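Enquirer: Residue strings, one per chain:
Protein chains: 2
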Amino acid sequence: MLPIETSLAAVAAQVNDTLGRLLPEPSGAERRVLDAMRYATMGGGKRIRPFLVMSSARLFNVAEASALRVAAAIEMLHSYSLVHDDLPAMDDSDLRRGLPSAHKQFDEATAILAGDALQALAFEVLAHEATHGDPAVRVALVSELAKAAGAHGMVGGQMLDLLAETQTDLSIGAITRLQRLKTGALISYSCAAGAILGKAADSLRVALAAYAHDLGLAFQIVDDLLDVEGSAEELGKATNKDTAAGKATFVSILGRERARAQASLLAQQASAHLEPFGAAAGLLRQATRFVVERRA
Amino acid sequence: MLPIETSLAAVAAQVNDTLGRLLPEPSGAERRVLDAMRYATMGGGKRIRPFLVMSSARLFNVAEASALRVAAAIEMLHSYSLVHDDLPAMDDSDLRRGLPSAHKQFDEATAILAGDALQALAFEVLAHEATHGDPAVRVALVSELAKAAGAHGMVGGQMLDLLAETQTDLSIGAITRLQRLKTGALISYSCAAGAILGKAADSLRVALAAYAHDLGLAFQIVDDLLDVEGSAEELGKATNKDTAAGKATFVSILGRERARAQASLLAQQASAHLEPFGAAAGLLRQATRFVVERRA
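Protein sequence lines, in the order shown, are assigned to chains A and B. Quick note: the first sequence, position 165, residue 251 per our numbering, numbers continuous. Quick note: the second sequence, position 108, residue 194 per our numbering, numbers continuous.
The set of hints was computed from the structure by calculation and includes no laboratory data. Remember, it's a predicted structure, so these values are computed and weren't measured experimentally. Be a bit skeptical, because a hint or two may be false.
[Stated by the list, open to error] Covered stretches of chain A, going by a simulated chain B footprint (3 or more residues, C-beta under 8 angstroms):
id, region
1, 144 to 156
2, 168 to 181
[Stated by the list, open to error] Which residues of chain A face chain B? A few of them, derived with a C-beta cut under 8 angstroms, are:
id, residue
3, E116
4, A203
5, A213
6, V228
7, S229
8, K233
9, G236
10, V241
11, S289
12, L290
13, V292
C-beta atoms are modelled at their ideal positions from N, C-alpha and C, and glycine is treated no differently.
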């Protein structure tokens, strides 16, 4: 089996190509917002969510072109959330993926609008007949993404995260729920999308959902660790923000050692949920190790 | 035929009731964003877009419950756009529908998130099977709303509008395109939604689209007139903002008299496009007069 870095890079190249074709070509008087949409989406990133979509879709023999469109839609949605989260009124981050955040490169109004348009475009891509021949599949993709992205998903998680900035006494349970919404919902959707595209049996959907749940949490714990241990150069964004703000995180509550042990345990658990898929789930198993061992 | 104010009020009551059921009940730690979503959506407004959905749907004998869900989804989308447009980085408006705008009532971060979640919820509502039994209809509703709301629709129009603030020499053609995107796209969608729900023949869709096109433009010209002629009390928002900013509008270029004449002409044209529907289009014909004669 190839090293996961190779597989990740291959998916990233494919999804970047797909994004380049799906994002509107900047032209006309409104080109500023189209430029900002490209800037926010094409600036790199590990493309972990697309990797999860592609690897899950492969379990059910989904056509690659279908899965790539869904992967691109998720990346648009994810990019919009980063653009809005970076705004001065939210996390106030000037740096993203090693480059100025969208509102620094353009301006706040353009960044807000680019995020809004990226969200709309994600749904447009999913709903397009090129994504899947069966409208029932397309509408299921839309419905599940809307839930994952909304007030009881990603946006709700970001609300909790902002409120948490003034709370130093959050419990592990509260932080877990916050992260399950903020980053977990979209990670779970990325895996579920493969199953929806492949019209998978319920038992396999459940197994994949359990995998995604544990993987998402491990991912977030490692994010918290990297915020403490990593450097801004490696991460391409400011570090130690949470510690500086005195904010409760997995690491501030558990300590670094227990947090790392917890992440490893969750990654093993995630792998174990893949048992029904046998050897076919090799890429998803690799992903669990990568999530825990990554340095950025 | 009842006066249009009566029909509008009846639709407003129905759609408010539907919105109240579809918006998530505020609870849990993230209730702040749920409160803001309700605040932004339930604060009144004429509900002209829902009126257009309901009146168009009636032409094709669409079940009222279906049309009401679509009307509510459009109003969520419209409300999100008002919340984001009112932000300090955008139009910086403290007043909306006679009440503090969402970011004044809550805060900027909550307003951004509430807008984001309202957009997601609009798509969730459209994609839900309660909206229509045929997934092909639901996915068409999603697809067309995504286009109307995105970078080549409403968001693109708002980008043009922000750029126009520093341009006093816009042509009538440029202003027309700006408004066709900013407000026209969602008004057109409101009419198209009735035809999608009713699986209308192409010729009737085209007639309805032509009606919506002219109605949308008339609506915007009157908006510009009211900005000059109306009072803040009547309108529930600040007036004379465009004049104060030296911004090019239909009124600044055409003058009040020619602008009013143009709006009337467009309204008559809009009515004429309804000919294929005969007497059944009475409500849509009334709407053209209302749009031109309204005082707020």
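Enquirer: All the hints need checking, so say for each whether the structure fits it.
Expert: Going down the list of hints, with the structure as the test:
no., hint, in the structure
1, 144 to 156, "violated (count 0)"
2, 168 to 181, "holds (count 4)"
3, E116, "4 angstroms, holds"
4, A203, "4 angstroms, holds"
5, A213, "4 angstroms, holds"
6, V228, "4 angstroms, holds"
7, S229, "4 angstroms, holds"
8, K233, "6 angstroms, holds"
9, G236, "4 angstroms, holds"
10, V241, "4 angstroms, holds"
11, S289, "23 angstroms, violated"
12, L290, "22 angstroms, violated"
13, V292, "21 angstroms, violated"
Taken one by one, the earlier hints fail for this structure at numbers 1, 11, 12, 13, listed in ascending order.
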